[in-house]
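Student: What follows is the residue order along each chain.
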Amino acid sequence: MSAHYKRVTGDAVEYEVFARKTRVESLHQVGSVVAPDDDLAMAYARATYDEERWCEMAIVRKDHLIELWQPRETS
Amino acid sequence: MSISELVLSIADNKQMLGLRYAEWATRAPSLEADIAAAAMGLDDLGHSRVLYGCLELLGADPRGPERETDAGSLCALPYFDQPWTSWAQFVAANAILDTAFSLMIEACVNGSIEVLQHRLRKMLMEERYHFLHGRSWLRSGIEKGPLHEAWSQAIEWFGPPDGEVVALHREGLLSMGPPYLRTCLEEMLETRVPKLTIDWRSWSGPRRRNRPGGIDRHTFAMLRGLKERRFLPEGQRMPS
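Residue numbers (this note's numbering), protein chains in the order written: chain F, 1 to 75; chain S, 76 to 315.
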């Protein structure tokens, strides 16, 4: 039941991490982190995904994403 | 105290901070915190290398041969003498001591010595994430004991009100002196220094600490490569 697996417990929330290596490419999702606040999420994102030389990195709370549809749903 | 002795103190403390962080890379409360501990450990070990590399350029290198055999000759704070046994110790060091070291580095970067202005600037960018990590965990609340210890040692490390750091600041080599460093630390961490009684008479200027002793034997042996000798084939010596 991996689709229902959640690492989020307590006050922590999930953040999606986006990055790009050069100015000409678009930001793309590189992973996610779980943290109780934005500051810690920034620290975790930088620590976890810093192995590449990103020119830009950004995070967004997953619950702030506005979903249009999900897998198996039609538009 | 010369500026090179102060830089050596920052380097020794960052080296030990890095090692103590790394010891928590598989013991922190979450996977993310494990990774952050490992990453911050690597950062601080790297920073210590850069700081050691500045010593010769600053004039007489204050490192003597006793550092190879005597743990008590290193300049790290008592907070790093033993491995931390609780997460609260980690958080207090991360929030208070790491930030105190960063503020002193900032004082060097904005001071008048060119080599420090250039070589230490990048550290401050990396340290921003150490600060965010430490402050966030600090906000979540930790035990008073490690917190009080870290505050006390940070204020001691900044130095006495009439000490050498004051003189270095007056000469323009540092952009901040102890009172302002303390105020900045309080403001950044959004908290006040607890009531402290510091006996400056027993304070050691070169080591910037109030009690004798040094890091534990195991860590010192690892740091000096002494343990590697056990794995050498019989009769072979370590390369010098």
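You may find that some hints are simply not true.
[Claimed, not checked] If you only want the chain S side, here are some residues facing chain F, beta carbon under 8 angstroms, derived: (1) I110; (2) R196; (3) M200; (4) H208; (5) S211; (6) S215; (7) E218; (8) G238; (9) A242; (10) W275.
Worth flagging that the hints you see were computed from the coordinates, not collected in a lab.
Heads up, the beta-carbon is just placed ideally off N, CA and C, and yes, glycines get one too.
Student: Was the hint right that S/E218 lines chain F, CB cutoff 8 angstroms?
Tutor: violated, 19 angstroms
Student: Per the CB criterion, is S/A242 less than 8 angstroms away from chain F?
Tutor: violated, 36 angstroms
Student: Taking the least C-beta to C-beta distance, is S/G238 closer than 8 angstroms to chain F?
Tutor: Given a least distance of 33 angstroms, the restraint on S/G238 is violated.
Student: For the restraint on S/S215, tell me whether the closest CB of chain F is nearer than 8 angstroms.
Tutor: S/S215 check passes; min Cβ-Cβ to chain F is 7 angstroms, inside 8 angstroms.
Student: Given S/S211 was flagged as interface, is its beta-carbon under 8 angstroms from a beta-carbon of chain F?
Tutor: Holds - the Cβ of S/S211 comes within 8 angstroms of chain F, reaching about 4 angstroms at its closest.
Student: Would the hint on S/H208 stand, with a C-beta cut-off of 8 angstroms toward chain F?
Tutor: holds, 4 angstroms
Student: Using 8 angstroms as the Cβ threshold, decide whether S/W275 counts as touching chain F.
Tutor: violated, 35 angstroms
Student: Holds or violated: is there a CB of chain F closer than 8 angstroms to the CB of S/R196?
Tutor: Result: violated, 18 angstroms to nearest chain F Cβ.
Student: Would the stated hint for S/M200 survive a check requiring a Cβ distance to chain F of less than 8 angstroms?
Tutor: violated, 10 angstroms
Student: A closest beta-carbon separation below 8 angstroms is what the hint needs, so does S/I110 meet it against chain F?
Tutor: S/I110 check passes; min Cβ-Cβ to chain F is 5 angstroms, inside 8 angstroms.
Checked against the numbered hints given earlier, this structure breaks hints 2, 3, 7, 8, 9, 10; the rest are met.
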